[in-house]
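Please model the complete structure; the sequences and the hints are all you need to start from.
If you read the sequence shown in the numbering used here, its first letter stands for residue 1, the second for the next number, and so on.
Do not rely on the hints blindly, as some may be mistaken.
Taking lysine-lysine and the DSS-like style, the derived pairs with C-alpha atoms no more than 25 Å apart in a straight line are [said to hold, decoys possible]:
#, residue 1, residue 2
1, Lys-53, Lys-263
2, Lys-190, Lys-48
3, Lys-265, Lys-276
4, Lys-126, Lys-52
5, Lys-376, Lys-320
6, Lys-126, Lys-48
7, Lys-276, Lys-353
8, Lys-378, Lys-320
9, Lys-353, Lys-191
Taking CB as the label site, the calculated pair distances span [what the hints assert, rightly or not]:
#, residue 1, residue 2, range
10, Trp-221, Ser-50, 39 to 49 Å
11, Asn-497, Ile-469, 28 to 38 Å
12, Ser-443, Asn-95, 19 to 29 Å
13, Ala-437, Cys-474, 22 to 32 Å
14, Glu-447, Val-241, 34 to 44 Å
Calculated from the structure, these hints are not laboratory results. Don't be surprised by glycine CBs; every beta carbon is placed ideally from N, CA and C.
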Amino acid sequence: MDYADTMDHADKQQALQDEQQLSPHDIVEEPQQRDSSTQHIIGPDDRKFSWKKMGTIAACGAALFSDGYVNNSIGNVNTMLSGLYPTVYGSDANNNLSETLTAIAFAGTVVGMLLFGYFSDAIGRKSGMIGATVIILIFTALSAGSYYKGQTEGMIQMLIAWRFFTGIGIGAEYPTGSVSAAEKTEEMPKKFQHGPFIFVTNFAIDLGFVAGSFVPLVLTWICGENHNRLIWRLTLGLGVVPCLLVLPFRAVMQQSKLYNQGKLKTAQIPYILTLKYYWFRLLMISLVWFIYDFISYPFGIYSSLITTELMGGADAAGNKPQWVTFGWSCLINTFYLPGAFAGAALVDTLGPKRTFQTGLVLQIIIGFIMSGLFDKLKVHPAAFCVVYGLFLTFGEMGPGDNLGLIASKSCATCVKGQFYGIAAAIGKIGAFGGTYAFPAFRSNYDETDSRYYTAPFYLGSALACVSLILLTFCIKERNADCQATEEEAFRAYLRQNGFDLNLMGRQDSMDTALTGSLESIDEKKAM
Numbered sequence: 001m002d003y004a005d006t007m008d009h010a011d012k013q014q015a016l017q018d019e020q021q022l023s024p025h026d027i028v029e030e031p032q033q034r035d036s037s038t039q040h041i042i043g044p045d046d047r048k049f050s051w052k053k054m055g056t057i058a059a060c061g062a063a064l065f066s067d068g069y070v071n072n073s074i075g076n077v078n079t080m081l082s083g084l085y086p087t088v089y090g091s092d093a094n095n096n097l098s099e100t101l102t103a104i105a106f107a108g109t110v111v112g113m114l115l116f117g118y119f120s121d122a123i124g125r126k127s128g129m130i131g132a133t134v135i136i137l138i139f140t141a142l143s144a145g146s147y148y149k150g151q152t153e154g155m156i157q158m159l160i161a162w163r164f165f166t167g168i169g170i171g172a173e174y175p176t177g178s179v180s181a182a183e184k185t186e187e188m189p190k191k192f193q194h195g196p197f198i199f200v201t202n203f204a205i206d207l208g209f210v211a212g213s214f215v216p217l218v219l220t221w222i223c224g225e226n227h228n229r230l231i232w233r234l235t236l237g238l239g240v241v242p243c244l245l246v247l248p249f250r251a252v253m254q255q256s257k258l259y260n261q262g263k264l265k266t267a268q269i270p271y272i273l274t275l276k277y278y279w280f281r282l283l284m285i286s287l288v289w290f291i292y293d294f295i296s297y298p299f300g301i302y303s304s305l306i307t308t309e310l311m312g313g314a315d316a317a318g319n320k321p322q323w324v325t326f327g328w329s330c331l332i333n334t335f336y337l338p339g340a341f342a343g344a345a346l347v348d349t350l351g352p353k354r355t356f357q358t359g360l361v362l363q364i365i366i367g368f369i370m371s372g373l374f375d376k377l378k379v380h381p382a383a384f385c386v387v388y389g390l391f392l393t394f395g396e397m398g399p400g401d402n403l404g405l406i407a408s409k410s411c412a413t414c415v416k417g418q419f420y421g422i423a424a425a426i427g428k429i430g431a432f433g434g435t436y437a438f439p440a441f442r443s444n445y446d447e448t449d450s451r452y453y454t455a456p457f458y459l460g461s462a463l464a465c466v467s468l469i470l471l472t473f474c475i476k477e478r479n480a481d482c483q484a485t486e487e488e489a490f491r492a493y494l495r496q497n498g499f500d501l502n503l504m505g506r507q508d509s510m511d512t513a514l515t516g517s518l519e520s521i522d523e524k525k526a527m
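Below, the structure is given as structure tokens:
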């Protein structure tokens with residue numbers, strides 16, 4: 001054997017030893033095969049928790065605070081407008097302006113969810129989030145300053161118009177901010193991926209609900225009930241504050257890694273294949289979301305009815321100070337928060353599906369108990385408030401926290417905005433339907449009949465049982481790193497059906513990931 005053969009044999013031996021020293025995690029695919037992977041993680045899971053990552057996730061989802069604030073504050077604004085303009089807007093008016101003001105935001109929200117669901121996939125999450133924030137900011141300010149030639153009816157009509165566009169901005173938050181937050185949670189440690197999403201989405205919405213009652217309460221204390229013209233405008237106008245706080249952070253944030261690696265031009269999305277793969281999953285999530293919103297939004301609206309008709313604080317003439325009504329409403333809405341917090345704390349341990357099931361079962365039990373014991377509870381306002389609060393708490397712990405989480409992590413990146421937008425829009429349609437169906441259902445009973453109050457809770461608890469069955473048998477659990485797993489499964493499905501996977505992802509992000517993997521292997525060899 002000559003010198004060259006000896007050196008060649010030695011090189012082969014060294015290469016074999018190097019290959020044996022590499023763990024399976026160190027092996028990466030060749031460039032021409034990289035389309036089948038979504039992430040390149042070297043060695044053990046070394047993703048660390050950092051407040052910077054948490055802040056980025058918060059910037060994505062926290063603007064949903066505006067959703068809760070706008071939806072809840074309008075109820076108190078409705079009360080004030082009815083008292084200020086009884087012949088134009090209140091019970092003495094011969095129009096439906098009051099109902100239209102409440103309903104128009106639902107219509108705008110559905111439009112925003114569908115439009116920005118497409119925008120989120122076609123253009124980008126970041127630009128969609130910025131657009132949503134700007135829309136909410138502008139039209140919330142315009143709502144607070146509604147005016148039309150000094151005419152009361154014209155002013156109300158302008159308020160209705162601005163509320164529609166505000167609803168578009170709120171709807172846009174769901175398929176942009178929520179989806180981006182879900183994608184960025186995959187950059188967190190495995191044991192803390194689902195909780196951050198809930199904290200910055202549903203918990204933020206619930207904080208907005210509480211603020212929507214607390215702000216007019218404080219303004220009533222400060223200004224007095226004789227200045228409701230100022231109070232209702234300030235209540236709406238302060239909704240711009242969360243937008244101003246979150247907008248700078250959104251302007252400097254980056255797109256998520258999952259989005260960069262899974263993006264696909266909408267003109268190239270194989271919609272027929274995608275629909276065949278995801279139709280059942282989308283249908284089941286949408287149905288459960290529809291049922292939840294159908295029963296939850298009317299029950300939220302009932303809080304004001306309950307505080308007005310059942311709680312104490314009235315004077316000799318039977319009239320209650322405005323601050324009493326707002327105060328009880330604020331207290332009841334506060335029960336949303338412990339439920340949302342408990343769900344966020346449990347979800348990474350139990351999993352989204354099991355947390356959902358646990359909260360939903362407890363809510364069903366409380367709903368039937370509250371209906372059966374209504375005659376006894378109504379004479380004890382504090383006890384009734386606690387039981388009703390528990391009903392809301394368990395609803396947030398289960399479906400409230402986990403519906404958006406499951407929807408945002410149940411499909412591939414390239415169609416996630418549209419998937420989430422459709423499911424959320426169907427849920428909002430359920431909320432809209434519930435606000436009309438439940439009052440019609442209650443109209444079958446006289447107000448002196450206890451069934452006037454209990455029948456809706458019997459119906460709501462029964463519908464919750466239906467959603468529990470659908471959840472248990474038709475929706476899969478979402479574990480840690482489920483988005484990367486979902487991405488791989490969807491790519492394998494597309495490959496089997498002849499789709500060119502090289503069209504997916506941004507070339508620069510894929511090359512960077514691959515280069516980083518190779519550099520890590522070289523460092524291990526050197527050691």
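Hints versus structure:
no.	hint	result
1	Lys-53 - Lys-263	holds, 21 Å
2	Lys-190 - Lys-48	holds, 9 Å
3	Lys-265 - Lys-276	holds, 19 Å
4	Lys-126 - Lys-52	holds, 17 Å
5	Lys-376 - Lys-320	holds, 23 Å
6	Lys-126 - Lys-48	holds, 24 Å
7	Lys-276 - Lys-353	holds, 24 Å
8	Lys-378 - Lys-320	holds, 18 Å
9	Lys-353 - Lys-191	holds, 16 Å
10	Trp-221 - Ser-50: 39 to 49 Å	holds, 41 Å
11	Asn-497 - Ile-469: 28 to 38 Å	holds, 32 Å
12	Ser-443 - Asn-95: 19 to 29 Å	holds, 20 Å
13	Ala-437 - Cys-474: 22 to 32 Å	holds, 24 Å
14	Glu-447 - Val-241: 34 to 44 Å	holds, 39 Å
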